[in-house]
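Letter by letter, the chains look like this.
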Amino acid sequence: MTQEHENLSAFVDGESQDSSLISALNDNESLNAKWQRYHLIRHSLRKEMPEFADFDISEQVANAIESEPAILAPKKTWRDVPVVASVVPFIKQGGQLAIAASVAAAVVIGVQQMNQPVDVGPMNSTPATLPGIKGGLSPVSLEETRTVPRTDVMEQRKVVNSFLTDHRNQLRMKAESLHNQDEALNGQEKGSPDNGESNNPQ
Amino acid sequence: MSQTIHNKFINNKRRVSLRVIALLHVIFAFLSTQAFAQGLDVQSGDVSNAKPTSQLSARAWLTKMSEAVRELNYHISFVVLKPGSEAQPYIWRHGISETGVEMEHLSMLNGPGQEVLRMGDQVSYFEPNVPAYSMRSDVINGPLPETLLSAPETLLGAYDFVLVGRNRISGRSAQQIRVVSTDGSRFGYVLWLDESTGLPLKLNMVDLKGHLLEQIQVTALQVTATPHEHFSRIETSKLPQVIEFNPNKSLEATWNLAFMPIGMEIVKRDRHRLPYTGQWVDYVMLSDGLVNVSVYLHEKNGAVADQDLLLRSESNTFLTRNHGSISVTVIGKVPAQTANAIASSITVANQ
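Chains A and B supply the protein sequences, listed in that same order. Per our numbering, the first sequence starts with residue 1, numbered consecutively. Per our numbering, the second sequence starts with residue 1, numbered consecutively.
Among these hints, one or two may not hold up.
Claimed, not checked - Derived pair list, reagent style DSS-like, types lysine-lysine, alpha-carbon separation capped at 25 Å:
hint, chain 1, residue 1, chain 2, residue 2
1, B, Lys333, B, Lys300
2, B, Lys333, B, Lys209
3, B, Lys82, B, Lys333
4, B, Lys333, A, Lys158
5, B, Lys82, B, Lys209
6, A, Lys174, B, Lys333
7, B, Lys64, B, Lys202
8, B, Lys202, B, Lys82
9, A, Lys174, B, Lys82
10, A, Lys158, B, Lys300
11, B, Lys82, A, Lys158
12, B, Lys333, B, Lys202
What the hints assert, rightly or not - So the derived label-pair ranges between C-beta atoms look like this:
hint, chain 1, residue 1, chain 2, residue 2, range
13, A, Asn63, B, Leu81, 33 to 41 Å
14, A, Ser44, B, Glu86, 46 to 54 Å
15, B, Leu156, A, Ser19, 43 to 51 Å
16, B, Thr182, A, Gln36, 30 to 38 Å
17, A, Ser44, B, Arg70, 29 to 37 Å
Claimed, not checked - Sample of chain B residues lacking proximity to chain A, with all beta carbon distances greater than 12 Å (derived):
hint, residue
18, Ser170
19, Ser313
20, Gly324
Note that these hints are calculated values from the structure, not bench results. By construction, the Cβ of each residue, glycine as well, lies at the ideal position given by its N, Cα and C atoms.
From just these sequences and the hints, can you work out the full model?
In structure tokens:
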């Protein structure tokens, strides 16, 4: 029995491809239950548990099939009246044309949106305070627009942008300043960066 | 046929009625199953009869990773996924020159492209719109969490490393490791390492509930005996000049933070002007080596509404809180609760 457990565990982990185990899984009820539990354990160990843990949907599917009413013959509808049957295709075609037109419009809009400039990533922002670097800074993530009249919202965006850009700049310069400190410490223990130019309040 | 199916339904129902008991059994099965006990090798690493690769503890795996990242010659393609932006593909090359100097090259493949080149302790940035420049640094400040990859031992105080198990990533077998902040105040990471080389294959940044925030996925990995030929084409004498940059003088601490997450400390404190607006701010950077948080103390912006502000920019939390005429702004990749705790713990000395 322990051997079987171990085989099953290896099978769940993808370390064994024992086909006889598959048939054993089908036949053996307790092994089948174990199979479900192992996956449950695996999910919870990896923090991959769904928010609403409903582990076995097979029963729900079975119930749904059972409660499904049997359909014997198609109902007669108004579409089966001869005149209507010949009119409906025209309406359908018109509808298809409209759909085709709207799809084309959507494609045009989609293409326009796809052709927006690519947002370049985290290495984009340049330190503003570094000497010797000319050139503008590009907005970080919230975009500025000049044509729109300035409102509180625009002002707020600008402020938020300035903070975000500064945060990025500080991150890049941090690597530099830490490096200088390491050199100043010259072989002393690494990883205590509050010795240098910064003041620790404690 | 229908008879057997019917039987199965009945069996299913019986099993469902036992589901609660089965759930209780989960714990027992978990303890009694030997194979899982081996996979559960959390931080101890003393299992002697397992396969050689699965013997290592989480910490040993990270040591193996940092050695591999610093010492191997490799060529890695990876993709960065962030909320609110498109996938960003990169190439990451690393090599050791004949003279023993570390060479590292990071290149963004979409758009106008950005190249970062590190030769030893000199990092050169080549970007569109600005002249190329170099800085003195041991690490490239880019999409990769360099501290986690090259010096994970410095994070031990602030984070716990937990070995989770094995998995298949990028077509290779991988070890999965969780990195969790000890006080639950920062986002967590899930790291998958290549079993044979120790190089990273995938990195997820997850929030406190385990939802994915950012992801780095390796798509191709090559380890070679010699450095990539790309490095031989670099003319080191033609690299841009290093900018010597004098850090601002340290400030008298007129305000203090009462709360800092475990493992975080103040790595920088100065007063400077913001880009675009030119506003003066008192600035403090907190860091645990992996996550950096910027704290700004500034006068309240007249044009901006009075209420507090909480935004999310990619996975950065942006929080502004008003204390009378002074506002505090906190930015960083931390949960909003942590940003709030930092912002509300500020005390001003000279007032």
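So, going through the hints one by one against the coordinates:
no.	hint	result
1	Lys333/B x Lys300/B	24 Å, holds
2	Lys333/B x Lys209/B	15 Å, holds
3	Lys82/B x Lys333/B	12 Å, holds
4	Lys333/B x Lys158/A	21 Å, holds
5	Lys82/B x Lys209/B	18 Å, holds
6	Lys174/A x Lys333/B	16 Å, holds
7	Lys64/B x Lys202/B	16 Å, holds
8	Lys202/B x Lys82/B	14 Å, holds
9	Lys174/A x Lys82/B	23 Å, holds
10	Lys158/A x Lys300/B	14 Å, holds
11	Lys82/B x Lys158/A	22 Å, holds
12	Lys333/B x Lys202/B	19 Å, holds
13	Asn63/A x Leu81/B: 33 to 41 Å	39 Å, holds
14	Ser44/A x Glu86/B: 46 to 54 Å	33 Å, violated
15	Leu156/B x Ser19/A: 43 to 51 Å	45 Å, holds
16	Thr182/B x Gln36/A: 30 to 38 Å	34 Å, holds
17	Ser44/A x Arg70/B: 29 to 37 Å	35 Å, holds
18	Ser170	15 Å, holds
19	Ser313	5 Å, violated
20	Gly324	18 Å, holds
Going through the hint list in order, the structure does not satisfy hints 14 and 19.
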